[in-house]
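2 protein chains.
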Amino acid sequence: MPDNKMPGTGAKGTITVNMQPVGRRVEISPGMSLLEAAQSAGVELASLCGGLGVCDSCKIRLVRGELTPPTIEEQSLFYPEQLEAGFRLACQAVPLGDVKIDIPPESLTTPQRLQIEGQSAEVELAPAVVGADIKVEVPDIHDLRADTRRIRDALIASGHLAGGGALRFSPVVLTQLSKQVRDLNWSMRVARHGDEVVSILPIDTAMVGLAVDVGTTKLAAYLVDLTTGDTLVKSGAMNPQIAFGEDVVSRIAYCQNHTDGRRTLQRRLIEALNELLSEMCRMARLERDQILDAVVVGNTAMHHLFAGLPVNQLGHAPYVPAVSEALDIPARELGLELAPGAYVHLPPNIAGYVGADHVAMDLATGAWNAQRTTLALDIGTNTEITLNHNGRLLCCSCASGPAFEGAHIRDGMRAAPGAIERVQIVDSGEGAKIRLQTIGDQPAVGICGSGILDAIAAMLQAGVLDRRGALVGSHALVRWRDGLHEFVLVPAGETGHGKDMLITRRDVNEIQLAKGAIRAGIETLLAEAGIQSQDVQDFIVAGAFGTYISIHSAIQVGMFPALPESRFRQVGNAAGAGARQMLVSVQQRQIAQEIAARLEYIELSSHPDFTNEFSHRLFFSDFKKEGLTAEHAENTEKIRQKKK
Amino acid sequence: MPDNKMPGTGAKGTITVNMQPVGRRVEISPGMSLLEAAQSAGVELASLCGGLGVCDSCKIRLVRGELTPPTIEEQSLFYPEQLEAGFRLACQAVPLGDVKIDIPPESLTTPQRLQIEGQSAEVELAPAVVGADIKVEVPDIHDLRADTRRIRDALIASGHLAGGGALRFSPVVLTQLSKQVRDLNWSMRVARHGDEVVSILPIDTAMVGLAVDVGTTKLAAYLVDLTTGDTLVKSGAMNPQIAFGEDVVSRIAYCQNHTDGRRTLQRRLIEALNELLSEMCRMARLERDQILDAVVVGNTAMHHLFAGLPVNQLGHAPYVPAVSEALDIPARELGLELAPGAYVHLPPNIAGYVGADHVAMDLATGAWNAQRTTLALDIGTNTEITLNHNGRLLCCSCASGPAFEGAHIRDGMRAAPGAIERVQIVDSGEGAKIRLQTIGDQPAVGICGSGILDAIAAMLQAGVLDRRGALVGSHALVRWRDGLHEFVLVPAGETGHGKDMLITRRDVNEIQLAKGAIRAGIETLLAEAGIQSQDVQDFIVAGAFGTYISIHSAIQVGMFPALPESRFRQVGNAAGAGARQMLVSVQQRQIAQEIAARLEYIELSSHPDFTNEFSHRLFFSDFKKEGLTAEHAENTEKIRQKKK
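Chains A and B supply the protein sequences, listed in that same order.
Under this note's numbering, read the first sequence as residues 855 to 1498, first letter to last.
Under this note's numbering, read the second sequence as residues 855 to 1498, first letter to last.
Next up, chain A with everything else stripped away, as it sits in the complex (with noise of 0.2 Å):
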């Protein structure tokens, strides 16, 4: 480090600003605030408010180095503890010197949020395929070997296998074998599966792996460099089996009254499937051929709908999978156009509505084997909840509704340009104004999930909503019409569409289900675990959805316990994380075995706790309230952790 420059600040006077998990540095002027540098950088850095400082859109967290003191507007934005963990609001601070910071996933803004890149744990990379580059010795009339018996003698000699080893081949890669073995003269990369041959390759091609989240709304997939554990290309695309049905339930009613209809939806899926795997191996120069590996995770419906399998008896009590173990199916058999010999590897299932994404989920967190009280939940259609207290590991779904997709709301959309993502009620009284973000900034057409929950946690706040969900016909943002009463989000001249947007009773109503059965989840197995809510020490929250929303809404409405923040964790889309672990390691997989082994399923539908728990958590409770418990909670755990 060069001797003349300012402690803590880079070359030349200015400082470096180190953004995570973005991944970008930027070198700017002391003075500019973090939002500032952000934006230098294009990092898109959301800010509701305007750099106002009344809304927390803009946090992040402080890793490294020091910023300027907290403003009175941060201090009345974040609890105590909350600064104290080093959240900011970046257009409020200023670095003093080089800095780190953690921009959380909320705090992003994206112009498309389909394609979701989930925290990955460090794996050590043992992919189930390997390759081998060898030569082989050319056949003469004093050496009539077969093809195949000298390509493993070949891997004998060059110690890619033990003499007595097993080598078989896949019977597709014989169909090509010796015309293959032929063209490559003799010298060729082996990639095996196990023990056996799934595909023949030049030297030193790129071998790669696909993973690929099958959600009941959307797809995401990931093309993963199998020698590197590099994710090349990612994408999403929306699950085709919509329009057969928006939920699991739906598709099952589908397939229960349409012959031949499971073999429909698999069909739909699997053609959009190698429609974007074309795409992707566009993107990243890739041939099919070098896709030797999948790892595809989905809830159980999703699974069963991949695999061809029958879904009939998930339609009714008590939900009964067809198949539980983990499975590995020849790509081929299932129509997914991968290298000929690959194989695709469906991790295990736990029940009806607890699939191998939860379990890809809950190794992707680590909440598997957390040392500390974790719950994990990913928040969907379904919602599946797994709670580690002292490493009993106990799981549930619960029937969320697809009102966070958007669905079943009035002007809901899913999470697309033009869709409101955050909503903000400034001032009060007469005075009350809506403050909106939209995705991409563009006109709103309409409200996506994130955005609802701001809404509905906004209007509570700001005594639109009464406890009940009913919409307060005195309070100024409230109108009467066709004997009705309705919120206007959007008066029609300011939307993208000229129609006024409005959140109705109804609206209400659907979220109000929604946070209820997910809040009624999470009660429940604490309730199994002997445990409350205060106990949980990491509350993560997985999946596109979760992702985005605000943790603060999500605890004012009720949906999530009024835990400090610094507890939460947003994790993007964890299920894909957890097949791309498994995709580059053996040892993952396994884990993934045992992880569905240890599970404790809870079936909500027959348990009492949880009926009592879903009356109950349907009504908002008072958020002021909630938050004092929560920090008197907080104290509470410090004093009883001193005293042990």
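Since the hints were derived computationally from the structure, they do not count as laboratory data.
Virtual Cβ for every residue (Gly too), placed ideally from N, Cα, C.
Where hints are given, some of them may not hold.
With a cut-off of at most 20 Å between alpha-carbon atoms, the simulated SDA-like pairs for lysine to any residue come out as follows [as the list claims (entries may be wrong)]:
(1) Lys1033/A to Gln1110/B
(2) Lys1033/A to His1112/B
(3) Lys954/B to Val880/B
Coverage of chain B stretches by chain A, computed from C-beta distances (three or more under 8 Å per stretch; other residues unrestricted) [said to hold, decoys possible]:
(4) 981 to 995
(5) 999 to 1013
(6) 1032 to 1042
(7) 1164 to 1175
(8) 1201 to 1207
(9) 1451 to 1465
Once you've looked at the hints, dock chain B against the given chain A.
Showing chain B alone in chain A's frame:
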């Protein structure tokens, strides 16, 4: 046994004749010949000369009991050691009490010769697919195990699976499993191939396997009960690939010259097998779901074309197979319509022209572990030969051509009704007459392999042919027409199609090429082993054609060495028998792999001995001299053994 009956005879003064291996017993009056006995029992013993004792077509061997002494006719037809071994003419021999006789396959006439039962060794049953009848616990709200899991648990509970034992489900079984187990009301027979469930059946369903010998010309198929080892039904068909080339070389050429050629050939073969299987299932009242396993053998080209492997490299030196090791391919990948999860086992190949069918033959005949010096061959378009001398296994393949299949012969045809199968020339000089026997005793329409071999042998003996294979113009049975000599086998008036049936010089040449190649192959192996033909103690002739030929004729034309006939054993379709052995026993599959590992392949095309022998063996030898040589050798051997 009643006291009042004559010693050695049945009740009421009748005599019992027990005929093996056909397994028929008949009561006859004293004084009746064995031929009359066979006729009264409906056993179709050949009788070319009509019972005159001047041909050996009704040759049998006495196993137990007493017959009238050999007639003058028998003494002139058989060598003393043959008579000593019990060989007799059924038309001449009259039982003196209860007798048991063995009827060699070549002494039986059969209307249609595609269905060949090979002799199969006694094999301890250890099929790859085993069944377990279980009652599975029904799911309820307190028992949410997946269907696969509860089947596994039921297998463990019923002692069919060790607690930690592996269990997988074929993906295709999973696609139906949940519906099936509910339709079966949770009681079922689980069929497993190794640790993989390949079919779910009703309790007590018969479990059946398919064994197939895919010949270049003919398909022989057997349905075998896997729990008893019994052959339930056997059937045959022509190999439809004949339309694309009569022999292996022309089919390989077809594949080289046509895009998708090998896929066409594969598809046609599989279609034919599916049709054959349909018919067999109908006959045995079986469903496809019950056909749980298959073993398919064939020469290397048939093996490759069945499995969809490339054959181009089999078309030119050094004739290297794509694969030599044993394969297990899911039947569904081949399009073969067995039980959903069934596999097809393909035993190992040895070389480009020594395939799994030859390994199967070595297995079924016991040639692989014979204690005596044993030569075993299967005559076809290619003739594969194994020589076992002091435990060393040598093998080779000679291109004997399709003459014995009736191809390239002016009036040749396959062994089908109307084909001449036996030929004899009686009397001599101007009075020389031809005696014939056709399959099914129908008017002659052509001549099949055993017939043409008999004809050439008879022509040699009668002086119609000289040693070089030329027709002797001065012979009464040879005529001169259109500048060529021809032998009129059947004049136009006596044939089924109203045209002369001839044997031409060209026909003779075809047989010279065939027999020359076979004999040269035999001699080359003997030379490799450092022994002479007289040292061969057991000479096993396998294959449909080999079963029906006259050993006498084969020796006479010089195709086989002039060993005593008692050393020859005609065993029928031994490849098919070996396939059936492997179908019912995984140990037999293991032995086949040991055989393949032990067989030393001798490439004849580059072998100097072969070229010399071949040009030498094209000519005919002096049969009588060879005969004396054989007798002499026999005596020499006896003396040698006494000296030891």
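Hints, one by one, checked against the model:
For the proposed pair Lys1033/A and Gln1110/B, the alpha carbon gap of about 12 Å is at most 20 Å, so the pair holds. For the suggested pair Lys1033/A and His1112/B, the alpha carbons sit about 15 Å apart, so the restraint of at most 20 Å is met. Between the alpha carbons of Lys954/B and Val880/B the distance comes to roughly 11 Å, so the proposed pair stays at or under 20 Å and holds. Look at the segment 981 to 995 of chain B against chain A: 3 of its residues bring a Cβ nearer than 8 Å to a Cβ of that chain, three or more, so the hint holds.
Counting residues of the segment 999 to 1013 of chain B whose C-beta lies closer than 8 Å to any C-beta of chain A gives 5; at least three are required, and the coverage claim holds. Coverage of the segment 1032 to 1042 of chain B by chain A holds [criterion: at least 3 residues with CB-CB distance below 8 Å; count 3]. By the rule of at least three residues with a Cβ nearer than 8 Å to a Cβ of chain A, the coverage given for the segment 1164 to 1175 of chain B holds, with 8 such residues. Note: the segment 1201 to 1207 of chain B has 3 residues with beta-carbon separation from chain A under 8 Å; the three-residue rule is met and the coverage holds.
Only residues whose C-beta sits within less than 8 Å of a C-beta in chain A count toward coverage, and the segment 1451 to 1465 of chain B has 3 of them, enough to reach three; the restraint holds.
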